[in-house]
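Peer 1: The whole structure should be built from the sequences, with the hints applied where relevant.
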Amino acid sequence: MPLDAFREPTVVEELTQAAFIWDNFKVDVSLRIGNGDFSDAATSVCVLDFVLMLQAARVTLREDRRAVFELSDRQDEWHFTRDKELIGLRTRYATREGWHFRPAEGHCLAREFDSLVEQSLRDALALIFSRQPVTRQNPYLQALASNGFDAA
Numbered sequence: 001m002p003l004d005a006f007r008e009p010t011v012v013e014e015l016t017q018a019a020f021i022w023d024n025f026k027v028d029v030s031l032r033i034g035n036g037d038f039s040d041a042a043t044s045v046c047v048l049d050f051v052l053m054l055q056a057a058r059v060t061l062r063e064d065r066r067a068v069f070e071l072s073d074r075q076d077e078w079h080f081t082r083d084k085e086l087i088g089l090r091t092r093y094a095t096r097e098g099w100h101f102r103p104a105e106g107h108c109l110a111r112e113f114d115s116l117v118e119q120s121l122r123d124a125l126a127l128i129f130s131r132q133p134v135t136r137q138n139p140y141l142q143a144l145a146s147n148g149f150d151a152a
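If you read the sequence shown in this note's numbering, its first letter stands for residue 1, the second for the next number, and so on.
If you are wondering where the hints come from, they were derived from the structure by calculation, not from laboratory data.
Please note that a few of the clues may not be correct.
[Stated by the list, open to error] In silico lysine to aspartate or glutamate, DMTMM-like type, Cα no more than 20 angstroms apart, as pairs: (1) Lys26 / Glu70; (2) Lys84 / Glu112; (3) Lys26 / Asp123; (4) Lys26 / Asp40; (5) Lys26 / Asp76; (6) Lys84 / Asp64; (7) Lys84 / Glu105; (8) Lys26 / Glu63; (9) Lys26 / Glu77; (10) Lys84 / Glu63; (11) Lys84 / Asp114.
[As the list claims (entries may be wrong)] With beta-carbon atoms standing in for the labels, derived distance ranges: (12) Arg122 / Trp22: 16 to 24 angstroms; (13) His79 / Leu109: 14 to 22 angstroms; (14) Leu109 / Ser39: 19 to 27 angstroms; (15) Ser146 / Pro103: 38 to 46 angstroms; (16) Ser130 / Asp83: 32 to 40 angstroms; (17) Phe129 / Ala94: 32 to 40 angstroms; (18) Glu13 / Trp99: 36 to 44 angstroms; (19) Asp23 / Asp76: 16 to 24 angstroms; (20) Asp83 / Val11: 46 to 54 angstroms; (21) His79 / Thr43: 17 to 25 angstroms; (22) Lys26 / Val134: 40 to 48 angstroms; (23) Thr95 / Val11: 37 to 45 angstroms; (24) Asp76 / Arg136: 27 to 35 angstroms.
Beta carbons: idealized from backbone N, C-alpha and C, even for Gly.
Peer 2: Pasting the structure below:
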């Protein structure tokens with residue numbers, strides 16, 4: 001039996017950021033960038049973890065030409081690149097034989113990627129709030145809804 005099986009239930013107001021990144025609100029993300037469909041690399045992911053990964057890539061690419069991130073609960077790598085005003089994306093996964101890139105590769109304008117990231121936060125919060133209205137009382141989610149990524 002897990003050690004936390006006897007733990008008292010936590011009220012939604014007390015849930016921390018980690019609860020929304022590791023354990024709750026898992027979705028199958030549909031993500032297409034340019035001609036690349038990355039949906040197969042984003043099945044059963046915590047929606048906020050996914051959105052925060054996109055934001056981290058966006059911030060990193062403002063200064064660097066390359067950013068590599070993983071979702072919190074898996075090893076797959078998301079490889080983002082920036083060439084002037086063009087953002088590229090590929091994903092890579094591990095097997096016993098080594099690392100392999102998935103066939104999907106996509107590119108879009110940086111301003112389109114910025115828009116996608118901002119919209120993804122709004123959509124993630126709308127999904128969470130619609131499925132569990134009581135989550136509107138959570139301070140972390142309230143801050144994200146009010147202040148956007150500045151609260152993350």
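Peer 1: Can you name, in rising order, the numbers of the hints this structure does not satisfy?
Peer 2: Numbers 8, 22, in rising order.
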